[in-house]
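Student: The residues making up each chain are set out below.
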Amino acid sequence: MWLVAVIAIPILLCWVPIWGSRIAGRNGSAWGAGLVTALSMLALSQTVQPTLDGGMATETIDWMPTLGLQLAFRLDGLALLMCVLVLGIGALVVLYGRYYLDHVDRDDRFFSFLLLFMGAMLGVVTSENLLGLVVFWELTSVSSFLLVAFKNDKAAARKGARRALGVTGLGGLCLLAGMLLLGEVAGSYALTDVLAAHDQIVADSRYPYVLILILLGVFTKSAQFPFHFWLPGAMSAPTPASAYLHSATMVKAGVFLLIRLWPALAGTDLWFWIVTGVGMTTMVFAAFVALFERDIKGLLAYSTISHLGLITALAGLNTTTAVVAAIFHVINHATFKASLFMAAGIVDHEAGTRDLDALGGLAKYMRSTAILAGVAASAMAGIPLLNGFLSKEMFFKEAVEVGAVTSLALPALATIGGIFSVAYSARFVWGIFFGPETGKLPKTPHPPPTWMQVPVWLLVTLCVVVGMAPALVIQTPLIGIARSVLGEATPAIDIHVWHGFNVPLAMSAAAVVVGALLFRSYDTAAKLREGLPRAPKGVSLYNDALGLAFRFARGFTERCYNDSLTRYIVLVLVSALVVGSSPFLGDGAPDSDMGWDLAPLQREELPALAFIAVLILGAVATVKFRSRRFVALIVVGLTGLGTTLMFVEFSAPDLALTQLSVELATTVLILLALFFLPENSHPEGSSARHGRDWLIAGGVGLGLTALMFAVLSRPASSIADYYIAMAKPGGGGTNIVNVILVDFRGFDTMGEVTVLAVAALAIAALLENVRLVRRRTTLGATVRDDERHPFLLAVMTRPLLPLLLLVAAFILLRGHNLPGGGFIAGLVTAVALVLQFLASGLRWTFQRLDIDYTVATALGLLIALATGAAAMLFGQPFLTTAYTYVHLGPLHFELATAMAFDIGVFITVVAVLLLILVRLGEVGEEEGEHE
Amino acid sequence: MMNLAFSAGVGIVAACGVYLLLRARTYTIVLGLLLVSYATNLFLFASGRLSIDKAPIYAEDTTSYADPIPQALVLTAIVIGLAMTAFVIVVAMIANQKLGSDHVDAGREDDA
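In order, the protein sequences belong to chains A and B.
Going by this note's numbering, the residue at position 450 of the first sequence is 450; the numbering climbs one at a time, nothing skipped.
Going by this note's numbering, the residue at position 8 of the second sequence is 8; the numbering climbs one at a time, nothing skipped.
No lab work stands behind these hints, which were simulated from the structure alone.
Owing to the predicted nature of the structure, the values given are computational and were not obtained by experimental measurement.
Note that beta-carbon positions come from the ideal geometry of N, C-alpha and C, so glycine has one too.
Some hints could be false.
[Said to hold, decoys possible] Lysine to aspartate or glutamate pairs mimicking EDC-like chemistry, simulated, CA-CA at most 16 Å apart:
no. : chain 1 : residue 1 : chain 2 : residue 2
1   : A       : Lys440    : A       : Glu350
2   : A       : Lys624    : A       : Glu684
3   : A       : Lys443    : A       : Asp357
4   : B       : Lys54     : A       : Glu649
5   : A       : Lys151    : A       : Asp105
6   : B       : Lys98     : A       : Glu768
7   : A       : Lys443    : A       : Asp348
8   : A       : Lys440    : A       : Asp295
9   : A       : Lys443    : A       : Asp355
10  : A       : Lys364    : A       : Glu350
11  : A       : Lys440    : A       : Asp357
12  : B       : Lys54     : A       : Asp721
13  : B       : Lys54     : A       : Glu605
14  : B       : Lys54     : A       : Asp544
15  : A       : Lys159    : A       : Asp544
16  : A       : Lys440    : A       : Asp544
17  : A       : Lys537    : A       : Glu293
18  : A       : Lys728    : B       : Asp53
[What the hints assert, rightly or not] Partial list, computed: chain B residues near chain A (C-beta under 7 Å):
no. : residue
19  : Leu4
20  : Tyr19
21  : Tyr27
22  : Ala72
23  : Thr76
24  : Met93
25  : Ala95
26  : Gly100
All chains, full assembly: derive it from the sequences and hints.
Tutor: In structure tokens, the structure reads:
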């Protein structure tokens with residue numbers, strides 16, 4: 001589990017810096033971050049041996065096996081290289097950040113985000129599963145968003161962060177689609193399988209889509225043209241984050257993936273033209289822009305884009321030596337660019353500005369920084385004896401040796417890129433440290449703290465050592481890394497500072513000489529550039545597209561979501577009609593040969609016909625009398641009665657009982673509500689409106705009729721046989737519906753009584769502290785005051801109560817075997833109690849029945865829950881029924897735990913209904929009762 | 001014919017319910033919801049087919065029962081329907097008090 005620990009430690013321990021700052025302030029947060037990084041390194045050292053021996057370590061945790069989604073990790077040479085970069089530069093950035101952020105509030109948060117990012121990045125580079133890789137990929141986008149937006153009180157930081165997230169997030173979605181497709185094509189989401197399936201993938205007709213989607217992810221992440229514009233915007237991040245994310249790690253994720261998937265996807269013309277094309281374009285274009293940047297971090301950002309273009313171009317070349325060069329340049333670029341970013345941060349920190357027009361002559365104040373930056377910039381320019389020179393030479397060599405068509409174009413472009421690279425490197429060093437002092441510095445520069453320079457020292461030393469003794473230092477590891485990507489195809493690698501006089505050397509020389517000349521005549525070049533027509537900027541295109549999307553979304557939302565409930569209903573119904581009727585029309589008509597069941601009526605079906613008539617009569621009458629509230633309430637009950645009778649007729653006694661008692665409760669409920677609803681309704685709309693509504697209503701009715709008839713005309717095939725067979729032996733009851741409710745589907749019932757309870761609590765909350773004015777009514781009796789309760793009703797209902805409660809108990813107890821059960825018994829009990837409220841008034845009843853219905857609701861739910869959980873104590877799944885037969889003298893009955901569950905349901909139903917009805921009853925006050 | 005009559009009954013009840021829903025007054029919406037629930041419950045129930053004298057309760061000499069699953073589903077649906085009706089009514093009451101109108105799009109006359 002060491003490998004998992006490498007990734008998990010920074011993510012799970014990302015709170016340590018915040019904790020550390022509570023204890024020891026700034027030092028605490030930095031030490032916390034450093035400690036976590038060190039722990040992760042320690043874990044890495046425990047698992048690294050197989051990789052060093054030329055193999056790899058793998059670890060797998062199943063996440064969603066059915067989806068092919070695993071948290072699988074592998075540590076091969078390439079992954080190890082990236083891990084070392086992420087952890088090593090991460091540690092240096094923590095040290096550097098401690099001093100850089102010494103005037104910033106909440107630096108602990110910064111370190112916390114940094115650790116989160118570190119973990120995500122480690123996950124990307126070690127993922128063995130394609131989907132896992134995408135998950136970590138997105139995590140890097142999110143955590144880098146937090147880092148870029150760290151100075152969230154500045155609009156530029158927020159905007160830059162949003163843009164970075166927008167572009168890389170969109171790319172991430174493309175990548176997800178591409179990976180899903182790749183997994184389908186390769187038949188596996190495991191990287192090892194995918195890498196072995198090159199021929200199969202390339203031959204597949206979906207290969208172009210796979211390639212383009214994945215490349216969209218790569219190009220957005222690695223800031224390749226035309227998606228590069230987010231990276232300069234992200235320079236509003238604190239410089240330690242830029243040094244980490246935007247030079248060494250996150251932007252490398254894209255090119256890392258190119259190299260990672262190279263064995264699976266490369267080797268085609270399509271790959272070459274897209275990857276190398278985009279890479280070369282980016283390299284030349286960004287190097288050109290970098291030359292004219294005024295902001296030193298902007299210059300470094302465009303330079304980074306340019307170098308990423310170089311690596312991309314190498315990866316596109318389809319030769320194994322080019323891959324080796326690409327990997328080498330990943331290492332070199334990380335070292336010199338991270339140190340340059342840190343140097344830029346020191347300048348910003350000490351001089352207070354990043355503007356090349358204001359900077360100048362700083363070498364006088366910070367000699368060592370000037371030397372370090374000078375060396376690192378020389379590496380960036382490709383000066384011999386430094387690491388940048390070596391990989392650039394390899395790049396030139398590859399450019400020269402590639403195919404015939406491009407034999408001139410590629411070396412030419414490569415040299416042009418090299419020229420700009422030399423020129424902007426010179427401008428960076430000269431503009432900051434030498435050149436005339438402008439006197440425009442916001443503050444007098446001081447030498448930076450020693451420890452702030454230590455990371456730069458280390459990185460620059462690496463640049464020099466690798467540059468001077470490559471064969472000694474880097475050759476062996478590079479071969480190991482290349483072997484982990486290329487396997488047997490790994491070419492012989494021979495890195496030397498001196499390869500003799502050859503074409504690449506001539507290109508290098510040309511680049512240095514012409515670049516130096518270009519730098520010398522910078523002012524002329526800048527003037528010339530002013531005259532050049534500007535291509536549309538990526539940023540403004542992006543902003544336009546974003547604005548368009550927002551306008552469209554807003555317009556669409558405003559059209560649909562206009563606060564008119566009626567419009568929503570119409571929209572929903574009409575779309576349901578369109579979708580629902582499509583299968584009936586056209587070719588897709590389902591089993592049209594099956595026809596409609598028009599069997600003649602049987603004798604025993606005649607009563608059903610009468611019940612249907614009642615049903616329809618009630619519905620039509622409700623529409624007719626809708627403005628006469630009381631009448632409407634009675635006739636809508638007619639439909640309820642019709643429904644009940646249908647259930648009686650068609651073998652559903654439980655449903656009939658339920659429907660009947662619900663009818664009673666509904667009627668009481670609406671009667672109570674009628675006090676608070678206006679007697680005279682708002683006038684209804686135009687006749688055109690009526691016509692439209694009838695059209696929609698008719699459509700819905702017709703559609704439902706057709707659907708119902710279609711269903712009924714087809715033979716039934718149900719999964720019920722199992723339940724029917726098992727109700728008695730498995731659930732211990734003969735009423736199959738009840739056994740389903742309390743046993744087979746007890747979990748559903750549990751959820752449904754919970755919904756009931758939630759509805760009741762919501763109603764109680766809505767009515768909390770609300771006083772509603774009750775209309776004066778012609779109906780006479782009200783539930784609340786004492787005087788107006790009809791004497792007869794009160795006298796009649798009191799003896800009725802025990803009778804009804806007895807009936808309810810009976811219904812509850814027999815429910816498992818005969819029609820009845822908790823729901824129905826609960827409804828009957830509630831109605832019996834509500835009757836008392838109606839007949840004798842709230843006050844009278846409350847004096848005798850002082851129960852907190854909210855507590856009772858909870859109690860009912862708890863009983864049901866406890867019954868279910870009790871089964872788990874016996875090692876059975878939740879809600880398993882146990883039952884036994886009890887013989888007690890003359891009494892023989894069955895005792896099932898389902899009964900306890902049903903009692904829970906019963907209590908909940910009673911409490912919920914009383915909660916609702918009583919709250920409704922007590923909420924009102926007479927008109928004029930209060931001022 | 002029985003099936004057709006039943007289907008038509010369900011359809012007509014639903015149509016009346018929808019028409020009431022579209023009247024956009026709180027009370028008609030409550031009535032409309034009631035009718036639509038009746039229709040929906042009958043629809044669900046009938047998806048287990050219509051059978052007479054086959055109540056799903058064990059009996060000595062019976063082997064064929066009505067489908068109990070839609071019945072179980074509809075039973076809870078009926079009870080939840082009651083809770084929903086109560087909820088809608090309470091919202092209607094409070095809206096009426098606060099807005100002084102029982103039009104559900106109060107302030108947006110015939111704007112559907």
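Student: Each hint: holds or not?
Tutor: These are the hints, each one checked on the structure:
{"no.": "1", "hint": "A:Lys440 x A:Glu350", "in the structure": "holds, 14 Å"}
{"no.": "2", "hint": "A:Lys624 x A:Glu684", "in the structure": "holds, 14 Å"}
{"no.": "3", "hint": "A:Lys443 x A:Asp357", "in the structure": "holds, 15 Å"}
{"no.": "4", "hint": "B:Lys54 x A:Glu649", "in the structure": "holds, 10 Å"}
{"no.": "5", "hint": "A:Lys151 x A:Asp105", "in the structure": "holds, 10 Å"}
{"no.": "6", "hint": "B:Lys98 x A:Glu768", "in the structure": "holds, 15 Å"}
{"no.": "7", "hint": "A:Lys443 x A:Asp348", "in the structure": "holds, 10 Å"}
{"no.": "8", "hint": "A:Lys440 x A:Asp295", "in the structure": "holds, 15 Å"}
{"no.": "9", "hint": "A:Lys443 x A:Asp355", "in the structure": "holds, 13 Å"}
{"no.": "10", "hint": "A:Lys364 x A:Glu350", "in the structure": "holds, 13 Å"}
{"no.": "11", "hint": "A:Lys440 x A:Asp357", "in the structure": "holds, 8 Å"}
{"no.": "12", "hint": "B:Lys54 x A:Asp721", "in the structure": "holds, 14 Å"}
{"no.": "13", "hint": "B:Lys54 x A:Glu605", "in the structure": "holds, 14 Å"}
{"no.": "14", "hint": "B:Lys54 x A:Asp544", "in the structure": "violated, 67 Å"}
{"no.": "15", "hint": "A:Lys159 x A:Asp544", "in the structure": "holds, 14 Å"}
{"no.": "16", "hint": "A:Lys440 x A:Asp544", "in the structure": "violated, 36 Å"}
{"no.": "17", "hint": "A:Lys537 x A:Glu293", "in the structure": "holds, 15 Å"}
{"no.": "18", "hint": "A:Lys728 x B:Asp53", "in the structure": "violated, 20 Å"}
{"no.": "19", "hint": "Leu4", "in the structure": "holds, 6 Å"}
{"no.": "20", "hint": "Tyr19", "in the structure": "holds, 4 Å"}
{"no.": "21", "hint": "Tyr27", "in the structure": "holds, 6 Å"}
{"no.": "22", "hint": "Ala72", "in the structure": "holds, 4 Å"}
{"no.": "23", "hint": "Thr76", "in the structure": "holds, 4 Å"}
{"no.": "24", "hint": "Met93", "in the structure": "holds, 4 Å"}
{"no.": "25", "hint": "Ala95", "in the structure": "violated, 10 Å"}
{"no.": "26", "hint": "Gly100", "in the structure": "violated, 9 Å"}
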